[in-house]
Amino acid sequence: MTVALVLPIGIPLFSAGLAMLFRNHLAVQRTVTVLALVTSAGSGVVLVLGTEGATLATAVGGWPDGLAIVLAADRLSALMVTVGATMALLATSFAIARGEDEHPLFHPGVAVLVAGVFAAFLTADLFNLFVAFEVMLMGSYLLLTLGGGRAQIRAGAVYVTVNLLASTVFLIGVGLTYAAVGTVHLGELAALPQRSPTAVIGVALVMVAAGVKASLVPVHGWLPRAYVHAGPAVTALFSGLLTKAGVVVLFRLHSVVLDGAVEVQPLWLVLAMLTMVIGVLGAVGRGDIRGILSFHMVSQVGYLILPLGIWTVAATTAGFVYLIQYVFVKGALFIAAGTVETLTGSGRLAELGGMLRTRPVVAMAFLFPALALAGLPPSSGFVGKFLLVLGAFDAGAWLAGAVAVVVSLFTLLSMVKIWNGVFWGQAAERVANEPAAGRLAVAVPAGGADDAADESGLSSPAPLRRGRLMALAGPALLVGAATIIAGIAGTWLVDLAGPAAESIHDPSTYLEAVLHP
Amino acid sequence: MTAALIVGILAAGGTYLILQRGLVRVSLGFVLLGHAATTLLLAAGGITTRDIPFVGEDGPDAAMADPLPQAFALTAIVISFAITAFLLTLAFRSRDVIGHDDVEDRDIPDDEERG
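Residue numbers (the numbering used here), protein chains in the order written: chain F, 1 to 517; chain C, 1 to 115.
If you're looking for bench data, these hints aren't it; they were derived computationally from the structure.
Cβ coordinates follow ideal geometry from the N, Cα and C atoms, glycine included.
Restraint ranges, calculated between C-beta atoms of paired labels, are given here:
(1) F:I485 <-> C:V78: 41 to 49 Å
(2) C:A82 <-> F:G221: 19 to 27 Å
(3) F:H516 <-> C:D51: 27 to 35 Å
(4) C:D96 <-> F:G285: 30 to 38 Å
(5) F:R150 <-> C:L74: 33 to 41 Å
(6) F:G66 <-> C:G56: 16 to 24 Å
Stretches of chain C that chain F covers, calculated by requiring three or more beta carbons in the stretch to come under 8 Å of a beta carbon on chain F:
(7) 18-29
(8) 35-46
(9) 63-72
(10) 75-88
(11) 93-103
Modelling step: build the complete structure from the supplied sequences, incorporating the hints.
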């Protein structure tokens, strides 16, 4: 069963190499990437099944304890691998549907990115975590700047330099930790503050770097500036994977190395509240769909790290329930936004409107994930947020719980803003004509298209080729349906996330497993 | 002490350079910062023991260098080399498309939306 620990890293890396070899054969690239992601998701499911109150660990290459590179999965890592691989699969299918993957480096980029993310989830060693982050970032640098246009280069310059600086800080943190205690193995760094307070400085630097990757306020500025300029499918992929790797690492380090130290809890609470509030205020002020959604990512990271400040099993379980469904919800929203952009050629609310009439399917693809993001019942977002707020109140964190509720209202407000701007009202010109649909549409005989446009607003756009619309919006519809089902059968999610929270709160089985794999 | 001074000077120079506007200068700044981090990694293993890091027939001796930081440093060098290459490519491409390699404050599409 421990081979399932290696597959999510090895197979995507191998597939990246294959996709490079076959860079002029799109069909081969697509097959290879999809197979690699399916294998990773399958391995993730195997890991989830094997981590009911246990931790799976393996020493890669069979080296003795202390020398080997250790990969380990508790329920949290296992869930994140499964969720990440499935979301990557949905984003890739969206990319295939809109032809975004036709650049020969798209598929290798995706494969390298997911390999890095899964390595970050599974590694049990600070230095390997650094390498995993770099692998992940290398793929993301490539995907972000794939368009090669003005905006991508601007965004790329900010994104690469900020993340590179964070990585350098990370590396310095690893060096200082090694200098202080002579090891960077997570198992041997357990409960560090009691043993070597100076080494905590090194780990704190690592956590600062992880905070940058997770885009916590006040180090969040890179995310909204960079994400909006990537291709729509790339944004969907990033939203599900990149910041979540930072969040999971923060949980792991707080649990294992800091041993859930109560001294830092107020700091986490303040960071979580700031992140929630500043992110959502930024979102309300934006005028384009992906801009709003990107700022919301910052805001939602605040919810994700809130359990670190509360630190009860109930709150952490709620946080993980929220995390699992949020990855899909955010990815689905970006897919819906990308579908709108693919058809109309614009994501600006001022240029859009009335899409509910022309493309009700796209409106539905946006609606259900949006309800889940705002946390309205009966969606899965409601289950997560309700339990999280309940956990905060139970632990006496009244202010944080109240902030979480108020921020939810603002989230709903900005979702309504998108709904009104894009889907409600009279059909805007772009929506009626769908100038960007291009090759997705059935070819209209010469003259036919002009006649249709003359009826100003009442005309419906040229029909798309059969199945094209479903291929684009399908992943988001699927997620929308799943959030409702998961929201009604919410206890199932809680059962799934429960062992993850227990392993984070009592890392003894995790430590035992990584020390003697 | 020597290692600390080297790290300090490299980090200071690197910090100065990454605060510049031109992407080429920023890249050079990251080269310096990367060297600072690498030197720090090497120093973390102790710089007084400098024998080759191989366990001989008699087992490890006292003067043997710690091999792990050397492996760390080597990995870090490879990674920073790759990213430096990427940054320079980005700067080059920026000159082609935008005409210069400055990182600007303004996020232009954002302004257009508000207008």
